[in-house]
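**Q** In the order they appear, the protein sequences are chains A and B.
In this text, residue positions in the first sequence follow full-length UniProt numbering: the first is 1, and each later residue adds one.
In this text, residue positions in the second sequence follow full-length UniProt numbering: the first is 1, and each later residue adds one.
Derived by calculation from the structure, the hints in this document are not laboratory data.
One or more of the hints may lead you astray.
[As the list claims (entries may be wrong)] Just a few of them, taken from the derived set where beta-carbon distance is under 8 Å, the chain B residues facing chain A:
1. Glu52
2. Ala55
3. Ile65
4. Phe66
5. Arg71
6. Phe84
7. Ser160
8. Ile162
9. Asn166
[Stated by the list, open to error] With the C-beta cut set under 10 Å, the calculated list includes, among others, these residues of chain B facing chain A:
10. Thr62
11. Arg64
12. Leu75
13. Trp86
14. Gly164
Everything numeric in this text was worked out from a predicted model, so none of it was measured.
C-beta: ideal position from N, C-alpha, C; glycine also.
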Amino acid sequence: MATRPIGSGAEAELERIREGVPHGRFPAHVFNDQEIFDVEQERVFAKAWCFLAHESEIPNRGDYVTRYIANNNLIVARAESGEIHASLNMCRHRGNMMCKSEMGNASHFRCSYHGWVYKNSGELVGVPYMKEGYEGRLDKRDWGLIKVRTETYAGLVFGTLDPNAPPLDEYLGGFQFYLDLYLKQGSSGSEVHGPPDHWVTETDWKIAAENFSGDGYHTPVAHQFGFNLGYFASSGSTHSQGWAASIPGRGHGIGLGHTPGFPPFAGFPEELADEMRRSLSPEQVEVFSQTRTAVGTVFPNLSFLMQPFSIVPGEAGVRFVTMRLYHPIGPGRTEMYSWCLVPKDASEEYKREAYRAYTLAFAQAGTFEQDDLENWARVTRSAGSNMARDVEFPYVMGMDSVPDPDFPGPGHVVKPYVNDSNFRNLWSRWSDYMTGRE
Amino acid sequence: MASEKPDRDTVLDVTDFLYREALALDERRYRDWLDHLADDARYVVPLRVTREGQADWEVSPTSRIFDDDKRTLTLRVERLETDFAWAEQPPSRTRHYVTNIVADPGERADELLVSSNCLIYRSRGDSIEPNFYSIARKDTIRRVDGGLLLARRYAVIDQSVINGHNLSILL
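With the rest of the complex left out, here is chain A (with noise of 0.2 Å):
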C-alpha cells in the first residue's frame, strides 16, 4: 500500500518523538490528534500484523468474521480447504460490500450489485453475462478478492498489509512464552465464549494498549472498589509487587501482579491447575505460578487480561480471561472488542463461572471497565486540549531497574510490577513504526 508523504515539520516532530522515549518523555497530544491518527493508519497499522480474530470463532469450514486492519474492512473466512483466508470485503467489480454481517457461514459470497460471486476463499468463481457482456476480455484469474497476508500462533489469526513484513513469530519475538498463559490454557487450549461484546468508545487505542502492556499502577485507585470491597484479592500495601516484562525492539509487553501468599494457580479448577502444570514449560510454569494477574498487550492492537474476581468479599475467587482488539476509527476513537477466552477442557461449569466473573468485571458493563473507560475518554479529551500540545507525560519509573536475575521468562523483566518500562518499550516501538523504522 502506498504510503502518502507528510511535511517535513512533521517527519522532524516525530524524530523528536522518538529521541524522548528512551528518556522518559512521551507527548500527551498523540493521544488525541488527526495528524497522528493518520500517519499512523498507514505506518503503523498498516505496517504490523494486526490481530484479526481467534481461531475458534470461525471453527467450520464456511465460517466468517468481519474485522478491521486500519479502515479496511475484511472478511476473516475458513474457506473449504480449513485454511483461515483474509479479503479486502470489497466487489472487484464496482467495490460493493460483499459481507454486510458480523458473522456467519458462506461457501461463496454473491455481490447484491451486479452478482459477481467469489469463493470464500476469495477466488472469483462467477460473472454474470460473462460471454454476452464480456467478450472473452474478463480473465476470472485476475479479479479475485484483494487478499490480506494472513499467520496464526496458538488460535490467533494475525493479519498484515504489508507483503515485507517478517514472519509472525519473528514479530512476536518471544511473547508466546507470555501469550501461552492465556492461550493454552489445558492442553487443548483455549477458545472464545462467544462472540464479542462490540462498543464505540471516546479513548484513544494507545491509552488502552499502553494499560493493558502492563499497567498496575492503575489498579488500586482506578478500581479500589475492588479492594475496598474484598472482591480484588490485592492489596493496596503489597500491589506494587511483581514483574514487567516487556520484549525489547518488538513492543509487547505484560504485567505480572503477584499477591503474597496467593495459592498458585489459585482461582482454576484444580484439574485444570494440574493439566497446565503438566502442558506448559517448568519455566512457564514458575513464572504464571507466581502470577495473580498477567495483564499483556501485542503491539499495536491486541491485549490480554487474566485476573481473578470475587463474588465473595475476601475469597481468590474465579479467574477469567479477556483478550481485546482495538479498532481505531478516529483520533480519540476506538472501536473495542473484547472475548472472554476459556480453556476448552474445562468444565461447562467452569467455563460459566468465569464467564460470569468476565461480565461482571471486565465486559463492558464490567464493574472495572467501566471505571477505566472513564478515566480514558477524560485523559483523551485532555489530550487533545491546545495546552496538551506543549506537555509531555514522564515515563521515568522503574528507569533504573536492572533485570531480574531469577526471573525464567524471556525478554526485559524487571521488578517491580509498578513500572513504566514495557510503556518506553512500547512507545519507542510506536516511534519506530511512525518514523519508518518498522
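Position chain B against the provided structure of chain A, taking the given hints into account.
**A** Using the frame of chain A, we list chain B on its own:
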C-alpha cells in the same frame, strides 16, 4: 400455565410497577430498585450480533453484556455507594421511557410475561451528546403478597455496536 389474558387491573398494576421501578433507577434509589427484585431474580442482557436474515440467531444464545442475579446486582449497587465508582462520578442522568407494555400469562400461575419497549436517555457531565439505548424487554413479573416483583429481566439492546464508552447504568 394460565391461558387467560390478564385483566385490566392486572395490566394497570404491571404498568405501575414498571414505572415505579424505572423511577427508582432514574432517581438513583438503587436500594429501592433492588427491592423490586425477587430474591431469585435473573437479570440478563444478551449480546446482539449483526447477521444475515436467514441466520439461526441474531441475539447470542451465550454471550451476555449483563449476566446477573440479585447477589451480583447488589454488588454493583454496593460499588455505586462507594466514593470511587469513577464511572458514575459524577453520575449519569438517565430517563427510562417505558412503553408498549403487553402482559401475557407466564409459565407459572403466579407469573406474567411482560414485554415492553424501553428507551433510555443518558446524559453525562457537560456533554451535549446523550447516549440512547433502545431496548426490547421481556420481563417475568411475579405476584406476591402485597404486590409484584421482577423475577427475570431479559433486555435486548437494538444496536449491535453499542455507543457510550461504558455501560455503567442499569437497563
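**Q** Take the hints in turn and mark each one as holding or not.
**A** The hints, checked one at a time:
1. Taking 8 Å as the C-beta cut-off, the interface hint given for glutamate 52 (chain B) holds, the closest approach to chain A being about 5 Å.
2. A hinted interface residue such as alanine 55 (chain B) counts as satisfied when its beta carbon comes closer than 8 Å to some beta carbon of chain A; here the least separation is about 6 Å, so the hint holds.
3. Of the supplied interface hints, the one on isoleucine 65 (chain B) holds, with its beta-carbon coming within about 5 Å of a beta-carbon of chain A, less than 8 Å.
4. Taken as an interface hint, phenylalanine 66 (chain B) checks out: its beta carbon lies about 6 Å from the nearest beta carbon of chain A, inside 8 Å.
5. Hint on arginine 71 (chain B) holds. Least Cβ distance to chain A is approximately 6 Å, under the 8 Å limit.
6. Taking 8 Å as the C-beta cut-off, the interface hint given for phenylalanine 84 (chain B) holds, the closest approach to chain A being about 4 Å.
7. Interface restraint check for serine 160 (chain B): the shortest CB-CB distance to chain A comes to about 7 Å, inside 8 Å, so the restraint holds.
8. Hint status for isoleucine 162 (chain B): holds, given a least beta-carbon distance of 4 Å to chain A, under 8 Å.
9. Taking 8 Å as the C-beta contact cut-off toward chain A, the hint placing asparagine 166 (chain B) at the interface holds, the least distance being around 4 Å.
10. Using the Cβ-Cβ criterion of 10 Å, the hint placing threonine 62 (chain B) at the interface with chain A is satisfied: the shortest such distance is roughly 4 Å.
11. Among the interface hints, the one on arginine 64 (chain B) holds; its C-beta lies about 5 Å from the nearest C-beta in chain A, closer than the 10 Å criterion.
12. Interface restraint check for leucine 75 (chain B): the shortest CB-CB distance to chain A comes to about 6 Å, inside 10 Å, so the restraint holds.
13. Given hint, tryptophan 86 (chain B) at the interface with chain A, holds; its Cβ is 4 Å from that chain's nearest Cβ, closer than 10 Å.
14. Hint status for glycine 164 (chain B) relative to chain A: holds, with the closest Cβ pair at about 7 Å, below 10 Å.
In summary, the structure agrees with every hint in the numbered list given earlier.
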